[in-house]
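**Student:** Chain by chain, the residues run as shown.
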Amino acid sequence: MTDQAFAPPLRRRPPRPLHPMRTAMRALRWVTVGLLLAFTLIPLIFMVTTSLKSPIEIRISGSLIPSEGIFWVNWERAFRNVPLPNYLLNSLVVGVLSTAMTLLIALPASYAFVRFRAGGRFLPSWILGTYVAPPIVISVPVFMLMRAVGLVDRPFGLALLHMVANLPVATWMLMDFMRTIPTEIEEAAQMDGSSHCGVLLRIVIPLILPGLVATAIICLILSWNEFLFALILTYSLRSQTFPIGISEFQGEHGLQFGEISAAALTGIVPVYVLALFFQRYLIHGLTRGGVK
Amino acid sequence: MRLHNRSFMTLSGALAAALLLSACAAPAATSAVQEVEVTRQVEVTREVEVVREVVVTPTPEAVAPKPFEGQSINVLTIQPHAVATRALARWFEEETGARVQVLVVPYANVTEKTILDVTSGAGEYDVVEIWYPMLGKLVESGALEDLTQWWEENKAALQFDDFVPSIADPYTLIDGKRWALPYDGDTHLLFYNRELLDKYGVKPPTTWAEYREACKTITEQGKSEGIYGCAIMGAKVPIILLSTFINRLQGYGAGFFDQDGKPTINSPEAVAALQELVDQLPHALPDPKAVAFDEALGGFTTGKVGMVEFWTDLGQMSDNPEQSKIMGKWGAVPMPKGEGPNAASRPALNAGFALGISPLAQNKPLAYEFLKFVGRPDINVRVNTIVGGLDPTRKSTFDAEAYRKHVTPELADAAKAALSGAFAWPTNAKWPELQDVLTENVAEALAGTKTPQQALDDTQAKWLEILGQ
Amino acid sequence: MHTLHRRTRREILWMVAPAVLTLIVFSLYPLVYSIAMSLSDSQLARPFRAFVAFKNYTDAVADALFRGSILLTFVYAFGVTAIETALGFGLALLLNRESRASRFARTLGLLPFITPPVAIAAIWRLIYDPSSGMLNHYLVRAGILEQNVAFLGIPGLAMASVMLVDVWQWTPFVFLLSLAVLASLPHEPYEAAAVDGANTWQQFVHITLPLCLPGVLIIAILRLIGAMKVFDLVFMLTSGGPGASTQVASFYIYKTAFQQFKTGYASAMTIILIIVLTILVTLLTVLYRKAQQRYGL
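So the sequence lines, in the order shown, correspond to chains A, B and C. With the numbering used here applied, the first sequence closes on residue 292, and no number is skipped along the way. With the numbering used here applied, the second sequence closes on residue 469, and no number is skipped along the way. With the numbering used here applied, the third sequence closes on residue 297, and no number is skipped along the way.
Keep in mind the hints are simulated off the structure, nothing from the lab. Hints should not be assumed to be uniformly reliable.
To be verified - Listed next, the in silico DSS-like pairs over lysine-lysine satisfying Cα-Cα at most 25 Å (straight line):
hint, chain 1, residue 1, chain 2, residue 2
1, B, K462, B, K155
2, B, K325, B, K216
3, B, K462, C, K55
4, B, K430, C, K55
5, B, K329, B, K199
6, B, K223, B, K325
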């Protein structure tokens, strides 16, 4: 492990001798990281233990450790009372579809904005402007629109809306990443006779891979957790997504905290695995020096 | 899915015979499946009903002709009633061969979903569940089918007079027409923890002042051990906060409107009732402003709370070993009285639901058939003897042996008495707006940003404006 | 910059058209519909009953609860954005290195963002619970609190408590994008600096920070807009209470549109909110462009 702080990793830096000051810095860094991770993880650990507590123990003790043995029944019921796999599948379809559509549309647009100043300042600003509208009232005309084109209660309809909602985020993030590419690289490629699309595909995308991956993960998660449009636009198991499914644990006896925790943890797994898989591109992706 | 089913039906008339044959072959397989389910579910209290059910359902019935075989309807229900509505759907399917798809939404969103479905012309729902104070709004919105004629035609089968009189009209009647079928009769009782009350030498209260004193006594002595005299649901959600307020409002003999329909929400009685509520807050489980259904329920069933006003099925939950530490140690009394000349012990119809039919229902005959099925007295008993989130709407159900055994005879009597004299929330088309203004102001009184007098004066002024008076 | 020949122009058009068309259909249409509703007496079931000009707008401006909700929205959004940006970018800096421990910590840091909001609200309600909550359980045992506190029941504290949940949920958003910004920094400046003998701190101040600034600023703007629209956490944790102390604009609009069914009035409030946010975002993007011109590549 290198000890350099606040800088992107260089490849194979020669190890430096440890210095007392550096050791202290290192300790401080890991203490900070440790505290932040504790803040991040404790509620999740609490969620895990809540999923293993009986309803009565949940109500009696706020302890992180179940004291009356492990109560597996929550997990069993979470799956039996609510068709979780069905909801998860819908969420996955909607999430992947909307992310793919978002990137497909946002990539060329942001490239045109950055390289050719297409639409001047107005167009990018207008795109960001569409992100400003709070979705609640908007959901009424959107519902009418989706109803008119027959996309109510269809996974594709929801994916379409999530794409629209995430487009500004994706466009602006990608624009920022593309700005960091030196124009000489692209111009060199153009000399070789590549079209702009070709340059985008073969030069730009590999260069902004970390940014692209981060944007994709963000879009996927935003879609995965979106609640309001999903609530308004879906009716049945044909298209209802995981956030809707999980709200079903508000049962006749109040909120089933144990079951909802078990269900939520189940829902975290697929996205987490996806994020884990793509994570390595976040840092490794490329070293600019190598391309030049 | 459902469209597919329907077009499939029309297109495959020729296959009807084959379908019938398969229907005859089906029962054996079905019952086998159900038995497997039973063995899996036996230990789980929440689903005990399945066990009884299989015994009840005779196989020969399945062989009888099923008039609605192959047809389907969509029924919109709220999450707390998902278990009950799904059970009804299953029984209806067994009896008629129809397919009932139960679509579940959070109770907070049920009205907007219903209205939007009709306004947009989507028409996905055939039968919808209604929180009864929204009835006027739904009717005004054109979101409900007029059931007056249907009630007339089915008088005998539906036995309208058997519905508890206090709910029969409020749940169904707007402007002289009937729009719905009572589904879930909800009211509050004052539950208490006998052990705690005995320990601290307190008797179940009969007036709100006694209640406050009792609550104070217990809290003062028990606080250090985490014991509180009472839990008050003061979270800022209309169905929660207004239930709490109306319980007191009724005790002081106050109402919302006078004979001529003029608001009287800032009458001295109403202000006294809100003042009483505010005075009770410091002694209750902290902090009433953050206490909703789950917090109150949890506090009471774990034995931390001496008294709570709650829906009648708290009795069942308190006797559920998985959920409760106070099995057999609880009791219930009618709502306390207020003070002054109009003081009365009068519960209110807090929550409460009905079923209606969407004017855009794609299979109206089947929707009517489903309503008729749900409205049957024997079905009312059957659905109220499972743990499904419903409470009886019929007098005969309260008296039925099966129900009395299910909830204990004492609770059945107490619930019946409470429901019978209960005060109905307004159901006019302006009520959604009015209740929001009231909720906002009562919440401010609880938070101390307005005095009770100010809060209700402001409510009165705003109500007059909304009603155009 | 270049003189574009026709082929290039057409190509550019094709690159931008899908985004623009999609947004026109799905964004402009609802916006126009909402503006029309805001100028009329509209109910959810019966839109456009009568043209009332700007009555809904004058009502909204006169509505103390609405004005209060806008103020709360600003407090909320700026508060959480500042904290999330600091924490998220800071954590990204600390974990931007190749080591097994860092890689592990990076993936864990994402988890809250993946958790469904309904479950987040449920678990935090348990954490904050005044009688059996985790926070009270440990704070009282540690002697930090004398007795249990109702975190969601006290005005002011309730707002802070909801904001804490927001920080928990959304810091990973900033963190993840910050990592990507750091990963796309060029190496040459660092190599040059190393030759000049600059130490780590100098590198950070003179290279990393300026180069990252535009990227971090745009992340913060996106997050700020998101926080301005906060709805689900408030809806599930406090419903705007106690009193009106957590009643942010989105929630107030929701109540008006879907609980009172006054969609005309709700639309007017939405349009006002959009105008306010647009002004704010325009100012911020100007700032962003300045930062970019000054430090950008």
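**Student:** Hint by hint, note whether the structure agrees.
**Tutor:** Hint check:
1. Pair hint B/K462 plus B/K155 does not hold up; C-alpha atoms about 42 Å apart against a cutoff of 25 Å.
2. Distance restraint check for B/K325 and B/K216: the Cα-Cα separation of roughly 23 Å lies within the 25 Å cut-off, and the hinted pair is therefore satisfied.
3. The suggested pairing of B/K462 with C/K55 holds, with an alpha-carbon distance near 17 Å, which does not exceed 25 Å.
4. At roughly 20 Å between alpha-carbon atoms, B/K430 and C/K55 fall within 25 Å of each other, so this suggested pair holds.
5. For the hint pairing B/K329 with B/K199, the CA-to-CA distance comes to about 12 Å; that is within 25 Å, so the pair holds.
6. A C-alpha spacing of about 19 Å is found between B/K223 and B/K325, which places the hinted pair at or below 25 Å, so the restraint holds.
In summary, the one numbered hint that this structure violates is 1.
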